[in-house]
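Residues per chain are reported as follows:
Protein chains: 2
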Amino acid sequence: MSLLVIGSVAYDSVKTPFGVADDILGGSATYFSVSASYFTDVSLVAVVGEDFRKEDIEVFNNRNINIEGLEKRKGKTFRWKGEYGFDLNEAHTLDTQLNVFADFNPKLPEKYRDCEYVFLANIDPDLQREVLSQIKKPKLIACDTMNFWIERKFDSLKKTFEKVDIVIINEGELRELAGEPNLVKAAQKVLSWGPKRLIAKRGEYGALMFSDSTVFSAPAFPLESVFDPTGAGDSFAGGFMGYISNANNTDESAVRQAIIFGSAMASFNVEDFSLNRLKNLSYKEIEERFKEFKSLTHFDDLI
Amino acid sequence: MSLLVIGSVAYDSVKTPFGVADDILGGSATYFSVSASYFTDVSLVAVVGEDFRKEDIEVFNNRNINIEGLEKRKGKTFRWKGEYGFDLNEAHTLDTQLNVFADFNPKLPEKYRDCEYVFLANIDPDLQREVLSQIKKPKLIACDTMNFWIERKFDSLKKTFEKVDIVIINEGELRELAGEPNLVKAAQKVLSWGPKRLIAKRGEYGALMFSDSTVFSAPAFPLESVFDPTGAGDSFAGGFMGYISNANNTDESAVRQAIIFGSAMASFNVEDFSLNRLKNLSYKEIEERFKEFKSLTHFDDLI
Numbered sequence: 000m001s002l003l004v005i006g007s008v009a010y011d012s013v014k015t016p017f018g019v020a021d022d023i024l025g026g027s028a029t030y031f032s033v034s035a036s037y038f039t040d041v042s043l044v045a046v047v048g049e050d051f052r053k054e055d056i057e058v059f060n061n062r063n064i065n066i067e068g069l070e071k072r073k074g075k076t077f078r079w080k081g082e083y084g085f086d087l088n089e090a091h092t093l094d095t096q097l098n099v100f101a102d103f104n105p106k107l108p109e110k111y112r113d114c115e116y117v118f119l120a121n122i123d124p125d126l127q128r129e130v131l132s133q134i135k136k137p138k139l140i141a142c143d144t145m146n147f148w149i150e151r152k153f154d155s156l157k158k159t160f161e162k163v164d165i166v167i168i169n170e171g172e173l174r175e176l177a178g179e180p181n182l183v184k185a186a187q188k189v190l191s192w193g194p195k196r197l198i199a200k201r202g203e204y205g206a207l208m209f210s211d212s213t214v215f216s217a218p219a220f221p222l223e224s225v226f227d228p229t230g231a232g233d234s235f236a237g238g239f240m241g242y243i244s245n246a247n248n249t250d251e252s253a254v255r256q257a258i259i260f261g262s263a264m265a266s267f268n269v270e271d272f273s274l275n276r277l278k279n280l281s282y283k284e285i286e287e288r289f290k291e292f293k294s295l296t297h298f299d300d301l302i
Numbered sequence: 000m001s002l003l004v005i006g007s008v009a010y011d012s013v014k015t016p017f018g019v020a021d022d023i024l025g026g027s028a029t030y031f032s033v034s035a036s037y038f039t040d041v042s043l044v045a046v047v048g049e050d051f052r053k054e055d056i057e058v059f060n061n062r063n064i065n066i067e068g069l070e071k072r073k074g075k076t077f078r079w080k081g082e083y084g085f086d087l088n089e090a091h092t093l094d095t096q097l098n099v100f101a102d103f104n105p106k107l108p109e110k111y112r113d114c115e116y117v118f119l120a121n122i123d124p125d126l127q128r129e130v131l132s133q134i135k136k137p138k139l140i141a142c143d144t145m146n147f148w149i150e151r152k153f154d155s156l157k158k159t160f161e162k163v164d165i166v167i168i169n170e171g172e173l174r175e176l177a178g179e180p181n182l183v184k185a186a187q188k189v190l191s192w193g194p195k196r197l198i199a200k201r202g203e204y205g206a207l208m209f210s211d212s213t214v215f216s217a218p219a220f221p222l223e224s225v226f227d228p229t230g231a232g233d234s235f236a237g238g239f240m241g242y243i244s245n246a247n248n249t250d251e252s253a254v255r256q257a258i259i260f261g262s263a264m265a266s267f268n269v270e271d272f273s274l275n276r277l278k279n280l281s282y283k284e285i286e287e288r289f290k291e292f293k294s295l296t297h298f299d300d301l302i
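Protein chains in written order, with numbering that gives the first Met the number 0: chain U, 0 to 302; chain V, 0 to 302.
Hints are computed from structural coordinates only; laboratory data are not their basis. Check before you lean on any hint, since a few could be wrong.
Unchecked claim - Selected chain U positions facing chain V (in silico; Cβ < 7 Å): (1) Y204; (2) E287; (3) E291; (4) L295.
Here the structure is a predicted model, which means the values were calculated and not measured. Every residue, glycine too, gets a C-beta built ideally from N, C-alpha and C.
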């Protein structure tokens with residue numbers, strides 16, 4: 000099945016305790032689409048400026064990502080500058096320049112309107128619904144968001160949530176969104192607004208998925224070197240939605256496996272700056288890591 | 000097999016966002032022994048003052064805990080006062096009064112010297128080794144510690160670690176102990192000092208167990224109401240060591256199951272102040288929670 004993502008394609012400048020990199024390829028739709036491309040056909044909707052480099056277009060082409068919906072406009076590509084301390088769970092944003100992203104109003108190419116699986120990455124919730132309205136018959140819709148929209152566009156965000164099946168969100172933002180410090184209660188509150196499932200991303204602690212009757216806990220992969228956590232959440236979402244889209248199955252078992260694939264993709268992504276690790280994987284490596292997640296979490300039943 | 004614990008028996012004053020309680024029964028050896036008592040025979044070594052209440056002695060008696068080694072001395076029982084914010088992962092110590100604990104120098108009752116499983120709770124590492132030297136043939140020794148000893152008695156602590164099989168420690172203290180922000184590297188460093196296994200406790204994020212060749216990740220149980228986290232780590236250690244002691248087995252499978260039992264006991268403990276929940280459990284409830292941990296973490300293999 001075909002998977003559509005709308006989000007940002009960006010140039011990031013990132014500082015971690017392990018190094019510095021300027022103007023490197025990033026953005027939620029970038030991480031998502033490259034990650035998902037190992038599982039399924041991906042169509043991307045985003046906007047870049049005239050400064051967008053040819054070699055970065057090749058990153059998408061090499062992964063056979065459909066970029067018919069990647070608009071090129073006068074002006075500069077969206078830029079984000081951030082820093083991480085030794086607590087790699089939290090990014091400190093130093094600068095954001097929306098540039099061409101400021102008045103982005105996406106029109107989906109005709110072919111995109113048949114996509115059945117949709118991921119609305121972290122953008123203005125009005126825009127999330129605008130894109131959604133252009134898709135003919137979405138089968139499964141997931142979305143992300145962030146504190147910026149929770150604080151400024153709460154009502155619009157709630158309207159988006161009424162239309163989506165799965166919310167994928169950081170645990171801190173989930174607590175803020177629900178106004179509730181307890182994660183279980185916060186998840187139940189957001190589920191009461193419409194979504195069937197909610198996935199709380201917990202950085203180096205993994206992810207928790209809630210439905211009205213089940214909870215699933217997945218760890219993050221314990222790595223000896225986490226180089227740059229930028230894009231981990233979107234790589235997670237890409238692996239998750241990519242697997243589901245390919246399986247064309249949303250039962251509990253498939254969705255749990257999808258979370259493990261998402262976690263595997265996030266674990267690869269943090270091993271290097273930008274897409275450096277993510278763009279050069281083999282499916283065999285990904286399956287290997289899936290198996291390592293199994294041995295990481297397995298314990299025997301009682302006799 | 001018989002399990003010995005040396006640690007504190009205390010009166011705690013605790014404030015959480017959900018309530019306040021003064022002079023309630025607490026202490027590492029208390030939480031540990033009551034938790035372990037659901038699995039095996041427990042012998043306790045600790046000291047209390049003249050103010051120790053009869054009804055609190057009954058807590059141990061009701062769980063058939065051997066308190067021959069609970070010394071009663073002139074003076075007041077050890078007291079700890081602490082507070083938690085909405086981030087229940089971190090206790091803020093407001094006051095510590097060592098009282099009779101200040102010059103505690105335990106002599107083990109003769110019967111205790113045959114114990115094969117030993118838990119050295121968080122006390123002066125000199126004292127940990129002093130107790131250890133009185134045990135004839137320990138089969139498996141585990142210990143805990145805290146930042147206080149890491150900062151003041153690092154060399155002594157390292158000597159204790161050389162003698163123990165399993166270190167059970169908070170993840171923040173593990174990082175401090177190893178001088179290494181990456182948890183995997185920190186664990187490897189501490190394992191190089193002697194212990195065969197290391198368990199990093201991560202509060203509401205569960206636990207990670209490391210050996211030289213394996214890693215096991217266990218989540219914490221997602222609870223709708225965490226009332227008071229005091230004693231969660233010692234309840235965890237009690238369930239863990241209690242199960243191992245009863246199984247008399249330290250292979251990978253048994254130790255992983257023990258971690259789940261430990262996590263189950265910790266999850267019960269945080270549901271109420273003091274030992275209020277922990278002292279009134281049935282083994283059936285504990286097994287039920289073990290099974291809930293299975294459905295919380297299980298995902299199917301790839302076909």
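Practice task
List in ascending order the numbers of the hints, as given earlier, that are violated by the structure.
Solution key: 2, 3
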